[in-house]
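As they're listed, the protein sequences go chains A and B.
No gaps in the numbering here: position 53 of the first sequence is 88 in this note's numbering, and each next residue is one more.
No gaps in the numbering here: position 161 of the second sequence is 270 in this note's numbering, and each next residue is one more.
Rather than coming from a laboratory, the hints here were simulated on the basis of the structure.
There is no bait here: all hints are sound.
The following residues of chain A were derived to be distant from chain B, with all beta-carbon distances above 12 Å:
| hint | residue |
| --- | --- |
| 1 | Thr-40 |
| 2 | Leu-44 |
| 3 | Gly-131 |
| 4 | Glu-179 |
| 5 | Ile-183 |
Have a look at the derived ranges for each label pair, beta carbon to beta carbon:
| hint | chain 1 | residue 1 | chain 2 | residue 2 | range |
| --- | --- | --- | --- | --- | --- |
| 6 | A | Leu-146 | B | Ile-115 | 41 to 49 Å |
| 7 | A | Ala-43 | B | Ile-198 | 18 to 26 Å |
| 8 | B | Lys-180 | A | Asp-173 | 55 to 63 Å |
| 9 | A | Asp-173 | B | Val-144 | 55 to 63 Å |
| 10 | A | Ser-167 | B | Lys-180 | 49 to 57 Å |
| 11 | A | Lys-197 | B | Leu-128 | 45 to 53 Å |
| 12 | A | Ile-183 | B | Phe-396 | 52 to 60 Å |
| 13 | A | Ala-136 | B | Leu-458 | 39 to 47 Å |
| 14 | B | Leu-128 | A | Leu-112 | 32 to 40 Å |
All values derive from a computational prediction rather than experimental measurement.
Glycine residues also receive a C-beta, built at the ideal position from the N, C-alpha and C atoms.
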Amino acid sequence: MDYVTFFALALPLIFVATMVIVHPSPVYSALFLVMTLFLLAVYFLFLEAHLVAVLQIIVYAGAIMVLFLFVIMLLNLQAEPREQQRRGVHRAALIGGGVLAIELFVLLRRLPTGDTPDRALPPGFGTVQALSERLFTDFLLPFEITSILLLVAMVGAVVLAKRQG
Amino acid sequence: MADFAITFVLTLMVLLMVLNLGGVLLWVERKGSAVLQDRIGANRAAIFGKLPFNLGIINTLVADPIKLFTKENFVPQGADKLLHTLAPIIALLPVLVTFIAIPFGDVLVIGDRVINLQAASLNVGLLYIVAMVSLGVYGVVLGGWASNNRWALLGGIRGAAQMISYEIPMGLSLVAVVMTFGSLDLQDIARAQGHLIGGWIPAWGILYQPLAFLIFMVAGIAESKRVPFDLPEAESELISGYFTEYSGAKQATFMLVDFIESIIVAGLVTAMFFGGWQVPFLLRDGFHCPWGSVISLPSVVVALLQVGSFTLKVLFFCWLQIMIRWTLPRFRYDQLMNLSWKGLIPLSLGNVVITALLIFLL
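Looking at chain A on its own, in the form it has when it is part of the complex (with noise of 0.2 Å):
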C-alpha cells in the first residue's frame, strides 16, 4: 500500500470515526460507526485480506450495526442537549482515552522505524483456505475457546431474559 492510498482512506477514516462521538444524534454516530467499519474492509482489501475484510462487512457493518441502530430505534433516543449529559462520563472517557493514547505511542515508538523491506506474500495469502488453514492448525486453541466464550454469552442472554419473563 502507498502513502497515497494510504492516505485517501486513512483522513476519512478519521473523519467518520471523530464524527461518532462528535455527533449529538444517536443514529448518525451508528450510521459514522457503519462508515468506519467499511473504511477500515477497504484497508483490508488492499493489505490483500480479502476474507478478513468480507467478513468485516458481515459481522460489524452487516449484523453487529444493525443491532445498535434496532435498540437506538427501539428505545427511540434523540439527540442530547449537552448540558444534559453527565460530568463524571466525560471524566472517564478523558482518563481512559489519555491512557490509551500513552499505551498505543509507547507501542508506535518500539516498532522498528525506517524502511521496512517488502516481503512477498505468499501465493494464496488471505483466501479462505490458506486463512482457515492457519485457524484449524496454528490457531485452534484460541479459536475453540473464542467460540465457546460466545456461546457462554449466548446462553447467559437467553439466561437473563428467562429470569424476567
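Given the coordinates of chain A, assemble chain B onto it according to the supplied hints.
Chain B in isolation, oriented as in the chain A frame:
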C-alpha cells in the same frame, strides 16, 4: 487494457440485465396477480389522456416508470431530510453490486482469449454476496426512522428484526452447499454441477442438498420482504410500513430494490441448486449424449446456450416467487419469528451436521 474493457462490459451487462429485469418483473407482477385473481389486470395506459390504445406490455412498462419518476417528491414535516433522501439509495447500492459474483455462463473463447462469463471471480464469492445482502437492511431501517412516522418506524424495526433473523438460516443453508462443493466461488460451484450421476442424471445441487434448497428459498423470500413475509410493509396494519412517507422516484427505488432482491434470490438458487448455466449433456465442445453420440458446437453457440439456460432458470424462479406472493396470506409476527428461530435454524444446523457426517463417511 483489454482485460479491463472485458470486465467493464461484463459488469455493465450484468447491471443492465438486472435493472431491466427489475422493470419487467413489475409488469409480470401486475399481470401475474391478475391471472391468479381471475381479472385482466393492467392492459393499457392513456398517454396524455388522448391515446387510449391498448399497447399492452410496452405501454405499461413505459408508463409506470414515467408516472413514478415524475410524481411530486414529498418529504414529511419533521423528517430527517438527509437520511430520508439517502435511505432508498443506501437500499439500492448493495443489491446492485451483488449480482457480479454470480456466473451466467462458462467460458467464451474468442481467438486465443478465454473469457470467464462472470463479472467478478471472487475467492470469497458467496461470503461477498452474504455481506452485500446483509447491508440491505440499512435502507429499510433508515427509511423507517427518517420518515418521522410511527407506522414507518414500526415497519423499519420489524424489517431489521426479520432480516437479522432470516440471515442466519440463509447463511447456514449456504454452509451446507459450500461443504458439498468445496468452494465459495459460485463459478466453481456451477462447474462442479456439470458431471453426470450414473451417466444420465445431471449432478445439480438440489440432488445433494434438497433441504438446503428449501431453507434457502424460504429465507430468501423473507430477506426480500415479500409476501408471505412482508411484515415490514403490511399494508393492512402499517399503511405501507417503512416506505409509508415515500413518494415518486424514491418509492419506485424501494420497489425496484424488492424486485432486484428477488432476482438475486433466483440467481443464487439457480447457481447453487439448479446447475447455474449448465445445460444437461452440454460440454464446452458440444452435446455429449449419454448414448454415445456427440454433436459438436462452436464456442459461441455453447456460450449462448448456457447464458440462455441461466436466464430461463432465473426467470422461472422470479416467476415462482411472484406466484408464491399472490398465493399465500401474510404470516403473523410471532409465526414469522417462530418459523425462523424454532424451525429453520435448527433444521439448517441439522443439515450442516448431516452433510458433515456424510462427507466424513463417504
